[in-house]
Amino acid sequence: MIRHLLSTADLSRDDATLVLDTAEEMAGLTEGRSVKKLPALRGRTVVNLFFEDSTRTRTSFELAAKRLSADVVNFSAKGSSLSKGESLKDTALTLEAMGADGVVVRHSASGAPYRLATSGWINANVLNAGDGTHEHPTQALLDAFTLRRHLGELAGRHVVIVGDVLHGRVARSNVLLLATLGARVTLVAPPTLLPMGVEQWPCTVSYDLDAVLPDADAVMMLRVQRERMHDAYFPSAREYSRRYGLDARRFARLADDAVVLHPGPMNRGMEITADVADSDRSVIVEQVTNGVYVRMAVLYLMLAGAANDGARDERRSERDEVGGAANDGARDERRSERDQADPSAQEETT
Amino acid sequence: MSAEPILITGARVLDGEPADLLLRDGRIAAVGAGLDAADARVVDGTGLVALPGLVDLHTHLREPGREDAETVETGTLAAARGGFTAVHAMANTDPVADTAGVVEQVWRLGRESGHADVRPVGAVTVGLGGEQLAELGAMADSAAGVRVFSDDGVCVSDAMLMRRALEYVKAFDGVVAQHAQEPRLTEGAQMNEGELSGRLGLRGWPRVAEEAIVARDVLLAAHVGSRVHICHLSTRGSVEIVRLAKERGMPVTAEVTPHHLLLTDELATTYDPLYKVNPPLRTADDVAAVREALADGTIDVVATDHAPHPVEDKDCEWDVAAFGMLGLETALAVVQHTMVDTGLLDWAGVAERMSYAPARIGRCDTGDGGAHGRPLAEGEPANVVLVDPSASGTVDPRASSSLSRNTPYAGMKLPGAVVATFLRGRATFGGDAAAGGVS
Chain A
1187 MIRHLLSTAD LSRDDATLVL DTAEEMAGLT EGRSVKKLPA LRGRTVVNLF
1237 FEDSTRTRTS FELAAKRLSA DVVNFSAKGS SLSKGESLKD TALTLEAMGA
1287 DGVVVRHSAS GAPYRLATSG WINANVLNAG DGTHEHPTQA LLDAFTLRRH
1337 LGELAGRHVV IVGDVLHGRV ARSNVLLLAT LGARVTLVAP PTLLPMGVEQ
1387 WPCTVSYDLD AVLPDADAVM MLRVQRERMH DAYFPSAREY SRRYGLDARR
1437 FARLADDAVV LHPGPMNRGM EITADVADSD RSVIVEQVTN GVYVRMAVLY
1487 LMLAGAANDG ARDERRSERD EVGGAANDGA RDERRSERDQ ADPSAQEETT
Chain B
3 MSAEPILITG ARVLDGEPAD LLLRDGRIAA VGAGLDAADA RVVDGTGLVA
53 LPGLVDLHTH LREPGREDAE TVETGTLAAA RGGFTAVHAM ANTDPVADTA
103 GVVEQVWRLG RESGHADVRP VGAVTVGLGG EQLAELGAMA DSAAGVRVFS
153 DDGVCVSDAM LMRRALEYVK AFDGVVAQHA QEPRLTEGAQ MNEGELSGRL
203 GLRGWPRVAE EAIVARDVLL AAHVGSRVHI CHLSTRGSVE IVRLAKERGM
253 PVTAEVTPHH LLLTDELATT YDPLYKVNPP LRTADDVAAV REALADGTID
303 VVATDHAPHP VEDKDCEWDV AAFGMLGLET ALAVVQHTMV DTGLLDWAGV
353 AERMSYAPAR IGRCDTGDGG AHGRPLAEGE PANVVLVDPS ASGTVDPRAS
403 SSLSRNTPYA GMKLPGAVVA TFLRGRATFG GDAAAGGVS
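Protein chains in written order, with our numbering: chain A, 1187 to 1536; chain B, 3 to 441.
Note that these hints are calculated values from the structure, not bench results.
Any given hint might turn out to be false.
Just so you have them, the derived chain B footprint on chain A, three or more residues with Cβ under 8 Å [as the list claims (entries may be wrong)]: (1) 1272-1286; (2) 1296-1310; (3) 1319-1331.
The following label-pair restraints were derived from C-beta to C-beta distances [said to hold, decoys possible]: (4) B:R110 x A:S1422: 55 to 65 Å; (5) B:R400 x A:E1272: 49 to 59 Å; (6) B:G190 x A:E1272: 51 to 61 Å; (7) A:A1283 x B:A161: 53 to 63 Å; (8) B:A412 x A:V1391: 38 to 48 Å; (9) A:D1401 x B:Q134: 35 to 45 Å; (10) B:A173 x A:T1378: 37 to 47 Å.
Here are some chain A residues pointing at chain B (derived, C-beta under 7 Å) [as the list claims (entries may be wrong)]: (11) P1381; (12) G1383; (13) Q1386; (14) V1469.
Built from N, CA and C at the ideal position, the CB exists for glycine as well.
Assemble the whole structure, with the sequences as input and the hints as a guide.
What follows is the structure, given as structure tokens:
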């Protein structure tokens, strides 16, 4: 498994399948049980570093880490030094000094998690929980997980993603991941809300939602902010809804077994109407549940997985050279603990 | 400032036949083979190329206001190390160089430092605000003798104001140096707009935002019969517009930075703000276009856009980092690497693009004794740089004379080395231990 999860582009098909299979295990071990706790990450510290408000994503990661028995610290822009203008670097150094094993980071600047992971400020595993208009890998993984539960294997399946691709990080991560998994993706948006160079992405692009719906196995509606009309991305919210919104009329064009996704939060009446959002083929609430399983899987694979030891990589050995032998013993202990950790073999007993 | 006479022996002037150069009383007293001067200190120029002192049309010295990033003293030290004998100090200081008082202060600081002549650039508009013309005439008439006016960092985007500025500076033979960036097309822009910006989720800075202003301004300059200079031209489209304008005899000159001759937007994939610059690094195709244009004269000069920033302004997220890179100390090496070693330009061409032409555009090529960009000939001011083109070195930011460390070339191996720089016959860099030693 990779050391940091920064982009779905970093995941091979095997990596992605491993995450989804592990998430399925996590679901099996917790779904419907009164005690939803596993000991896999006991003694590990996961920091949720949120430079941008996102109650749902933070809560999902927090729940995932807690179900794996990790110690979880929430570090958010409000009520901490971040709002006083402390730099990303100083925050990272602080977390490193406190001994964070994993850092889940949400930031309004694209690439901020990449900086955290590559600048040498911190040795923890970095998980991108959404960076600017770049990526949101765990959202794509939970979407793929949800799709797989309904459609089976995704190879050859057709997923239509509709909405603000330009400002959205969900679409980017989804296109890359779904392509890796062999699915066919069509992006639908007004040309103003598509990034330059989208024709080079591994997907097709359409401006005509009605035309692509009959052929879709799933349709994913992205949030579109009404305020975008003030920057002339579209003339009015009403026009956007008429051309790109999913209402009952368009919903009827879908195949009978096609499902509807939305990463939330929804703008009901803008990109999706209430009747569609609440229909029995909408899997929007399931996505939230699945988010916890997928984040458990990712945290487990990155922080506890045996494969991780190899990936804890040259930087560690570099540090060993620099830092001397004193730490090596402690590190070895942690490694062997990790080797033992296997979620299917152990269950919370207390 | 009278220094001891210096005899440079066996240097290849503009890469020509080896010759001796005698520097005495601030001037080149003689050029020729087998010169003899008993009272002169000898600098062995064997194997070195002698060029006229380089002139930078685009330098940010940061003083007054950001002395944590650079001062006139440290910036001109870096200039001397890079082979420059004159630099044009951009106006975006704090306070802005938009009055005779500020430009005279910068000019005086340059005189006091003595490492390179400092030619202050005056702001076009008050406070770079783009609304009201600064007192251009007062700056022109001041002791600083300003001839280049620029709101660099900000585009003079108002077409009417740009027209007036172009017209107004005709009275004192000034030139408006335009930072071509249509502001509405580049709000929040972070990097070149293209497939890569879409992939990285960084807000795009489209080429058209530069090209639209370049096109407008060459037309305006032709319309009012005044000179316009295009700062840091970065795209193939801008090259084509300037080429067409020159074919039509329009009064336009243009510069390219060393980094736009070498680096591409691919570096943004690191999200390391060392590579964040304005205008942004473009694609390999744009790099090829600006190289060709510099070779054929469409682009007149190489200007560094030396832009020092303290560590904290670069050691952060890309979005919040400052734009700009160091350039003075590495400019000649980058030009040798991209233009000379590739066969696009010979050393005489380098002298034209980095000394004669910038001095002409900045109107500092005349004047008794104080002129720059003059040929290495008897009677001319003794502004000379000795270059070892066969040397090569790895760029070490810590070795810089600049107060800042934001070089994009750190760890990169570049050819050539400035061995010595002489300003009016006095060594401002090297020269006392120049290749082969001194007798």
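Legend entry - Numbers of the earlier hints that this structure fails to satisfy, in rising order: 5, 6, 9, 14
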